[in-house]
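> What follows is each chain in one-letter form.
4 protein chains.
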Amino acid sequence: MIILKPDTTEDQVQLVVARVRELGLTPHVSRGKERIVIGVVGEARRVEPGVFRHLPGVDDVVPISRPYKLTSREFHPENTLVRVGPVTFGGTDIVIIAGPCSVESRSQLLETAHAVKEAGAQMLRGGAFKPRTSPYSFQGLGEKGLEYLAEAREVTGLPVVTEVMAPEQVPLVARYADMLQIGARNMQNYPLLKAAGRMGKPILLKRGMGATVTEWLLAAEYILSEGNWQVVMCERGIRTFETSTRNTTDINAIPVLKRATHLPVILDPSHSTGHWEYVTPIARAAIAAGADGLIVEVHPRPEEALSDGGQSLKPERFAQMVREVRAIAQIVREVQAALVPAGGGPNGR
Amino acid sequence: MIILKPDTTEDQVQLVVARVRELGLTPHVSRGKERIVIGVVGEARRVEPGVFRHLPGVDDVVPISRPYKLTSREFHPENTLVRVGPVTFGGTDIVIIAGPCSVESRSQLLETAHAVKEAGAQMLRGGAFKPRTSPYSFQGLGEKGLEYLAEAREVTGLPVVTEVMAPEQVPLVARYADMLQIGARNMQNYPLLKAAGRMGKPILLKRGMGATVTEWLLAAEYILSEGNWQVVMCERGIRTFETSTRNTTDINAIPVLKRATHLPVILDPSHSTGHWEYVTPIARAAIAAGADGLIVEVHPRPEEALSDGGQSLKPERFAQMVREVRAIAQIVREVQAALVPAGGGPNGR
Amino acid sequence: MIILKPDTTEDQVQLVVARVRELGLTPHVSRGKERIVIGVVGEARRVEPGVFRHLPGVDDVVPISRPYKLTSREFHPENTLVRVGPVTFGGTDIVIIAGPCSVESRSQLLETAHAVKEAGAQMLRGGAFKPRTSPYSFQGLGEKGLEYLAEAREVTGLPVVTEVMAPEQVPLVARYADMLQIGARNMQNYPLLKAAGRMGKPILLKRGMGATVTEWLLAAEYILSEGNWQVVMCERGIRTFETSTRNTTDINAIPVLKRATHLPVILDPSHSTGHWEYVTPIARAAIAAGADGLIVEVHPRPEEALSDGGQSLKPERFAQMVREVRAIAQIVREVQAALVPAGGGPNGR
Amino acid sequence: MIILKPDTTEDQVQLVVARVRELGLTPHVSRGKERIVIGVVGEARRVEPGVFRHLPGVDDVVPISRPYKLTSREFHPENTLVRVGPVTFGGTDIVIIAGPCSVESRSQLLETAHAVKEAGAQMLRGGAFKPRTSPYSFQGLGEKGLEYLAEAREVTGLPVVTEVMAPEQVPLVARYADMLQIGARNMQNYPLLKAAGRMGKPILLKRGMGATVTEWLLAAEYILSEGNWQVVMCERGIRTFETSTRNTTDINAIPVLKRATHLPVILDPSHSTGHWEYVTPIARAAIAAGADGLIVEVHPRPEEALSDGGQSLKPERFAQMVREVRAIAQIVREVQAALVPAGGGPNGR
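Residue numbers (my numbering), protein chains in the order written: chain A, 30 to 378; chain B, 30 to 378; chain C, 30 to 378; chain D, 30 to 378.
Some clues are possibly wrong.
Intra- or inter-copy, both count: the list cannot distinguish identical chains.
[Said to hold, decoys possible] BS3-like cross-link-like pairs, simulated, lysine-lysine; straight-line CA separation at most 27 Å: (1) K34 x K343; (2) K173 x K223; (3) K343 x K230; (4) K230 x K173.
If you are wondering where the hints come from, they were derived from the structure by calculation, not from laboratory data.
Can you build the whole structure from these sequences, using the hints too?
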């Protein structure tokens, strides 16, 4: 949609119209009392709005169509189910992933894995390669950590998700993990998105802390356009002016995504709040809002954790959280089921 | 907490210490390897951190103590119950307020009031004086709107909350309304906070869209310090970079406030999302997070509304929302009850 | 601009078209490969976009035209000159306003007034009624402060600007002050904007810390639509996630406003940074970006100030700042003068 | 700094004290009327604040010391000079880098390179590997683009900076470029920071759009801790709620960085505004605020650009911008020189 200045001449209008045609698009001119607006129709997704901004008479350019395609619910109305071993994201049951922020030692990981399994988690998380804001912070155990994760999977049966930080790490991490996590800081690391996409394993795509929902869906589009549709979106809080929590949980993003895309959506209440006291209420909120699952940091002794201890739950608190969110998931499932005969949409509305 | 520069001289340290004493406070000097830090103890709430910032050697000043007092849970550990006629905020039951954005006509209001009552609302909302971003938008019916609200209360029995925009309007609005709303744009309108506080009626205090939780609690402190403790806090979304919704619902604010203050907390999912499709999931999320209630915009024919039609629910959708949130409230109540013997805190954690 | 869903039926299109006509507007339907878009032409400023959002088939509504009118440069291409006694905002010379955050005593104010005059300030600022975030902070001297300001004007000849916080204070403050300041917290206090607008005195309108440029211009529109065009816009920093400064100076807002409106624009580097060390560089930046002036906090002994000491300049530093910004203003004036023959726009671009 | 709850018992205090000692740090207990605060002294940079948050009685943990070290001006008070061929960043002269957003063809690049050289640019920019938000946008010419850049350097003598997107691209890009750019989306791509740091070439480190100044300095710390101190910091706008520009130029970041670090700081007014009309005023502002240089997008025919045409300057407008910013740089240099005898700090304050 190209908006012209009030004093644009007819010659200038024709110039813009010609340029639109030159790019293989169709112009529709609307002449109002105050301004002329030119609607641009066609494969506008491939054209930069900026190309029109320098033409004489052009005041503003407003993109209308969604820039993503494969990820959109318009393109694929049914929920995509993402399967990781015996676990399914996007179906009628919620999925709870839990584990330590970092894999710190074999014993810490195995102890936590057993505890979260007993508490009701269906998948295990744990960082082996850790992207840390400071070079002086613990950077993870690397491949040793991956081995411990594989061992924990053997003994508990829980599939494992862990972060991959660079394209050349993808094959290594994929050898051990059941699902690859792209972290918030790497949401727009396109070589990594492509490399992970080509690997064919399911991917957990965290939202960048300064990224809009549209940019996040475009990051997913990078993976889908490599032929891999097994992508789970994970909200983990955004940057705002509020300082009483580490990030601001964008709870709106859950129904927004359920409407915009067919991909499953989960929430990470540990990072989105940054304080263990708020993890359980926000986990409940996410499920109530329609999320397909949660990823939660659990540590047997948070006060000894090498990273993010302040936002980790102890196993017994996590077990209580699981009971609460499953009860809420049951309610949401019931209300959605009740709505189906009335023709309810993807989110039970 | 005053942090000195690494190369501060002993004379400069003594100067800061002397200035702290002069203000009636007690200094505690900690000498580290890299820096000296001076803790300041006493009624620091009354002192500007800036007074130290110009002293030689001072690098930074970090306030530690909470600047609010009466509103804090430390000061008053028990939940405050706010009573508006037969309705109680902050107790075991959630409170649902509903009604049109603006009172547009007698028939529109009465129709809506009956509909929301039937659907399960316990209070009626409706704007008579409307703070509109543009001077060309509908500005409300004024006193005529207040009369219609009073009539709607008569016929339905629902207590009424409506916004007051200026100190001199307070007596007029208080004559008709059961609860006075201070809107987001006026959260830091201190003459209004004081005038409303002195009136003695219960107050619904909306959060400013650019206000931190601390500033919001300090706005409440203005009302409490006038002797009026009947204040309900209402989250209504904050300003962030995300544009897929009108505002970003700060769902974290609910457990943060439940921990920080004894005042009841409710959420306005209509303004915090700006799209009717997202109102119900976010209403569920708020109750799941521990909110004490909701305030929701309902309009019998949203496509004809003079304001905010895009975010208003139709009565039948609202009725469905009420059923869903009450089912979730029941779950939250049960888990909190189950926790009490184990010494659960204010938010069931 | 109404965007329809991909699967909208022809009947739904006609329904939307009919609704647009019903509101006295003209619809233009553009049929693209992927979607239909309906342009709406006419006095769209008076219609809520939300009224279309509930119609079947409507996916989104994107407003195109600017919602403000009198304040726009389109409506009035020439710079508006705002005159306060001998001082003119919006002309070829920049205007520097300086003084203490709060009027604390007669001697403090007179000493500061003399100092800032000598350093080159053309107007005096000072708060008598202070909107403070905390009820426990110093709230200003009230009318006594206004008397001191009037006395300072007598002895220095500097016109005075001071804040007015409530509609009923307007006549009192207008009796003493040459220009009325509407503070950031009151930018959307519409009864105050109208009352101040009707008074006929020049107005300094600060931007709200969570307000967009468009909302700020609409706040000015409230004043202009009362018949008072003597309005100066004052950027004072916005709320963002960055915490190394008190606020984030939105320097972009200066050229944005110079293009969007004919009203003068100044910057408050004291509030927009919150640290005296950053005031001078940001003052230089504002003038370099094309601002028409500055408002700066100056205190003879910042370490004793009752408010905002940490961001106040001492008189000698302020004098240095004045020299620097005047040298930069001279450069900007010269480059703009050099551009005029080449048909330079309002901001010398 | 560990803040305890008001009702903490003496046993709990001793537990925290013991834990602090266990981590090799020294505790300083300050007992106030309302609370106890424990200052922690030592190599706190290596300890997670979260480790204390789970201890009984702990209310909050506030980090005091700066988490970065090598990049801090405390550690290295003198300005670091970064040399790229004949060009020096951080000295008395500003450095202007210019060129197209993307290298689109040999002729486009050579034409632009000649034009920007003639207009006064000292370095050439141009993207060969482009990180694009959408997978459907032009992704750059890759190695072919690098070859054109090398050729443009040969014929103009301008050193070249271009972006590197993945660790495995570093050797390739370093073969052609004189300076490696780490883009905003990769600011926290730590494998890339390390790989680029080890290469030993000068690095242009753009700020992430959601990154705080502290996180940005920590990203630089990753590079410096690989032994490479040749790093130039580049502000390019942050994400805020304001939508009238593409990003919000954080002009405050310039004096903040000049005080916090010894590294040179430049600004990218093309990305920080997103509109060519605002580039020149914001370029002037950056230099006035004390920036060491600029990086600006220039395109001979912006309306044909394959990326970012809307924010590119035409060569003649760029030439005018260079004249304006050099005149302002001259003023800033003079005022800083005049201040030196008076003991001016790093930024002439």
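> Hints the structure violates: just list their numbers, smallest first.
Violated hint (a single one): 3; every other hint is consistent with the structure.
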